[in-house]
Amino acid sequence: MEPTGNLQVAYCRICGKSLAPEEQHPALGTIYCAEHVPAPAPPPPADSPWITPATAPPPNPNTSGVSPGLAFILGLIPGVGAIYNAQYAKGLIHVLVFGLLLSMANSDSVGDLQFLFGMLAPAWVFYMAFEAYHTARRRELGQPVEEFSSILSQQSAGGVPVGPILLIGMGVVFLLNNLGVLRLSVIFKFWPLALIGLGVHMLYQRTQERSQSSNENVSGGIHHER
Amino acid sequence: MNDNRLLIRALRGPLTLIVVGGLFAIDHAGIYRFGQTWPVLVILIGCLTLLERSGNQTAGGAQ
Chain A
0 MEPTGNLQVA
10 YCRICGKSLA
20 PEEQHPALGT
30 IYCAEHVPAP
40 APPPPADSPW
50 ITPATAPPPN
60 PNTSGVSPGL
70 AFILGLIPGV
80 GAIYNAQYAK
90 GLIHVLVFGL
100 LLSMANSDSV
110 GDLQFLFGML
120 APAWVFYMAF
130 EAYHTARRRE
140 LGQPVEEFSS
150 ILSQQSAGGV
160 PVGPILLIGM
170 GVVFLLNNLG
180 VLRLSVIFKF
190 WPLALIGLGV
200 HMLYQRTQER
210 SQSSNENVSG
220 GIHHER
Chain B
0 MNDNRLLIRA
10 LRGPLTLIVV
20 GGLFAIDHAG
30 IYRFGQTWPV
40 LVILIGCLTL
50 LERSGNQTAG
60 GAQ
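Which chain is which? The protein sequence lines are A and B, in order.
Position 52 of the first sequence, counted from 1, bears residue number 51 in numbering that gives the first Met the number 0, the numbering being contiguous throughout.
Position 58 of the second sequence, counted from 1, bears residue number 57 in numbering that gives the first Met the number 0, the numbering being contiguous throughout.
Since the hints were derived computationally from the structure, they do not count as laboratory data.
Glycine included, every Cβ here is placed at the ideal spot set by N, Cα and C.
It is possible that part of the hints are untrue.
What follows is a set of in silico ranges between Cβ atoms, one per label pair, in the way DEER data are often shown [claimed, not checked]:
#, chain 1, residue 1, chain 2, residue 2, range
1, A, 16, B, 27, 30 to 36 Å
2, A, 105, B, 40, 18 to 24 Å
3, A, 14, B, 25, 16 to 22 Å
4, B, 28, A, 211, 53 to 59 Å
5, B, 24, A, 21, 35 to 41 Å
6, A, 114, B, 24, 35 to 41 Å
7, B, 46, A, 178, 15 to 21 Å
8, B, 2, A, 111, 48 to 54 Å
9, B, 40, A, 125, 41 to 47 Å
10, A, 111, B, 12, 39 to 45 Å
Some chain B residues well away from chain A (every beta-carbon gap over 12 Å; in silico) [what the hints assert, rightly or not]:
#, residue
11, 20
12, 21
13, 23
14, 24
15, 27
16, 28
17, 29
18, 50
Reference listing, derived: stretches of chain A covered by chain B, where coverage requires no fewer than 3 residues with Cβ under 8 Å from a Cβ of chain B [said to hold, decoys possible]:
#, segment
19, 8-21
20, 77-85
Bound conformation, chain A alone (with noise of 0.2 Å):
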């Protein structure tokens, strides 16, 4: 490979060759290579049933092969449904909110709250199973799916992106705790402050949003997906 001076290599997804800038083909929220590109090139041969069913024509939805039923069942086992449906990004992150909760729901720092983090763990399992079975619908019908489809949306709220804040806050959060500094139980005494913040962020956001629909009445309601 040529010495390019920045760093632009991506591989394909499918076969893994590295990609100079002008022959990567984003689609899907990855990268493939000019053969393996799902949507406009002819599904490649046999031994790849990942993305023939992600950009089935919508004429023919039944001859993609990706089971709604099957994704909801692999979706009761943590990260699998998303697995079968080619979002191992987000099988990974499914399977790390399912382990944390389940930690929270068995150690002693979070005090009473032990309780709702046992309740919130099995709803996940079927959050998991619902949202692998909406995803192997779409990708049925032969709708393109985003990689992190669902999990937060992309617009976030005005600009903001909540996840990787959400992530970076709860990696500190954990890290503190485990190094000793910062007692999770002593955050969770404080934990009736994050309803307070995030009745506080509402109020803010419908004020921002009132006085933006008042100052241009047309481009107000469409700021936030609500």
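Given chain A, work out where chain B should sit, using these hints.
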């Protein structure tokens, strides 16, 4: 497709591997257990996603 997004996307795998390796090295050196340092991975993923998204926004937002 924006250059920054591609760059970060290309860096994501190697960086994660390096950090996982580093954490296990620290574990084996007996400084901190991996059970203590794993949130670093969560922070890393969050930072990369944040960077990727901000690169997305400056380019005008393809998605």
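Hints and how they fare:
1. In this structure the hint that residue 16 of chain A and residue 27 of chain B lie 30 to 36 Å apart at CB holds, the actual value being about 35 Å.
2. Checking the proposed 18 to 24 Å range against residue 105 of chain A and residue 40 of chain B shows it holds: the Cβ atoms sit about 20 Å from each other.
3. Between residue 14 of chain A and residue 25 of chain B the C-beta distance comes to about 35 Å, which lies outside the given range of 16 to 22 Å.
4. For the pair residue 28 of chain B and residue 211 of chain A, the beta carbons lie near 54 Å from each other, so the given range of 53 to 59 Å is met.
5. Remark: the range hint 35 to 41 Å for residue 24 of chain B to residue 21 of chain A is upheld by a beta-carbon distance near 38 Å.
6. About 39 Å separates the C-beta atoms of residue 114 of chain A and residue 24 of chain B, a value consistent with the hinted range of 35 to 41 Å.
7. For the pair residue 46 of chain B and residue 178 of chain A, the beta carbons lie near 19 Å from each other, so the given range of 15 to 21 Å is met.
8. One distance hint, 48 to 54 Å for the beta-carbon pair residue 2 of chain B and residue 111 of chain A, holds here, with the actual separation near 49 Å.
9. Judged by the Cβ atoms, the range 41 to 47 Å given for residue 40 of chain B and residue 125 of chain A is violated: they are separated by roughly 27 Å.
10. One distance hint, 39 to 45 Å for the beta-carbon pair residue 111 of chain A and residue 12 of chain B, holds here, with the actual separation near 41 Å.
11. The non-interface label for residue 20 of chain B is consistent with chain A: the shortest C-beta to C-beta separation is roughly 18 Å, beyond 12 Å.
12. No beta-carbon of chain A is positioned within 12 Å of the beta-carbon of residue 21 of chain B; the least distance is around 14 Å.
13. Every C-beta of chain A lies more than 12 Å from that of residue 23 of chain B, the closest at about 15 Å, which supports listing it as non-interface.
14. With 12 Å as the threshold on Cβ separation, the claim that residue 24 of chain B sits away from chain A holds: the shortest Cβ distance comes to roughly 17 Å.
15. The non-interface label for residue 27 of chain B is consistent with chain A: the shortest C-beta to C-beta separation is roughly 17 Å, beyond 12 Å.
16. A cut-off of 12 Å between C-beta atoms confirms that residue 28 of chain B is not in contact with chain A; the least separation is 16 Å.
17. Remark: the non-interface label on residue 29 of chain B is consistent with the geometry, its nearest Cβ contact in chain A lying 15 Å away (cut-off 12 Å).
18. Consistency note on residue 50 of chain B: stated as away from chain A, yet its beta-carbon is not over 12 Å from all of that chain's, at 9 Å minimum.
19. With 4 residues having a beta carbon nearer than 8 Å to a beta carbon of chain B, the segment 8-21 of chain A meets the requirement of three or more and the stated coverage holds.
20. Closer than 8 Å: that is the beta-carbon criterion, and the segment 77-85 of chain A has 0 residues meeting it against chain B, so the requirement of 3 is violated.
In the structure shown, a violation is registered for the earlier hints numbered 3, 9, 18, 20, in ascending order.
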